[in-house]
Amino acid sequence: GENVEQHPSTLSVQEGDSAVIKCTYSDSASNYFPWYKQELGKRPQLIIDIRSNVGEKKDQRIAVTLNKTAKHFSLHITETQPEDSAVYFCAPDFNQAGTALIFGKGTTLSVSS
Amino acid sequence: NAGVTQTPKFQVLKTGQSMTLQCAQDMNHNSMYWYRQDPGMGLRLIYYSASEGTTDKGEVPNGYNVSRLNKREFSLRLESAAPSQTSVYFCASSESSVEPQHFGDGTRLSIL
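Chains B and D supply the protein sequences, listed in that same order.
Read in order, the letters of the first sequence correspond to residues 61 to 173 in this note's numbering.
Read in order, the letters of the second sequence correspond to residues 3 to 114 in this note's numbering.
If you're looking for bench data, these hints aren't it; they were derived computationally from the structure.
Since this is a predicted model, take the numbers as computed values, not measurements.
Keep in mind that the hints are not guaranteed to be accurate.
A few chain D residues facing chain B, derived, Cβ under 8 Å [said to hold, decoys possible]:
#1 G42
#2 M43
#3 G44
#4 L45
#5 L47
#6 Y50
#7 G60
#8 P63
#9 F92
#10 S99
#11 V100
#12 P102
#13 Q103
#14 F105
#15 G106
#16 D107
Taking lysine-lysine and the DSSO-like style, the derived pairs with C-alpha atoms no more than 30 Å apart in a straight line are [what the hints assert, rightly or not]:
#17 K11(D) with K102(B)
#18 K165(B) with K97(B)
#19 K73(D) with K97(B)
Don't be surprised by glycine CBs; every beta carbon is placed ideally from N, CA and C.
Build out the structure end to end from the sequences listed, making use of the hints.
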């Protein structure tokens, strides 16, 4: 089955620093690469996504880069703020009987001021 | 605009009891999903429905059944609850399987 790995599992940064989370996947047929943010006790929410025909996408302080050959994509957060503290999940699509997203185990980001 | 609504928000069951978790979306989405979330395990897909009238197993379907009642509603049933099914359950919907998923607020289920 599909294997999705996120690294690191925890990340602590100072406010204003940058944070990078990497997601490695195994399905070479994956074409959709989203990142979700989940604050404590809340539901996951999409923060950015990218498709296989694009190498990079930016939205203000957040960016996602994709290396389809190496089968990994990364979330980049610049100028981190305390409200960025949350668990972040990558969820590449997985194509077998149907198409679904397979979520990584998550990265807990802590931003201290 | 409510988005995805899950009921109930909390539930405590005894081992062997049955229960149905309800999910409804008002965004006219085609695809709907049920996940469970356990500490350190991320979100694991239980079942999904790519479109009205279809359902497929996800990673962890054992012990669960689903019904796509209509385009809006997708229910998850535990026929004989077990302590291993204690978890937070999330329902989600999306326009298609490769579009952003919108999640409900979750159901916290404890099985004693």
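Hint numbers contradicted by this structure: 8
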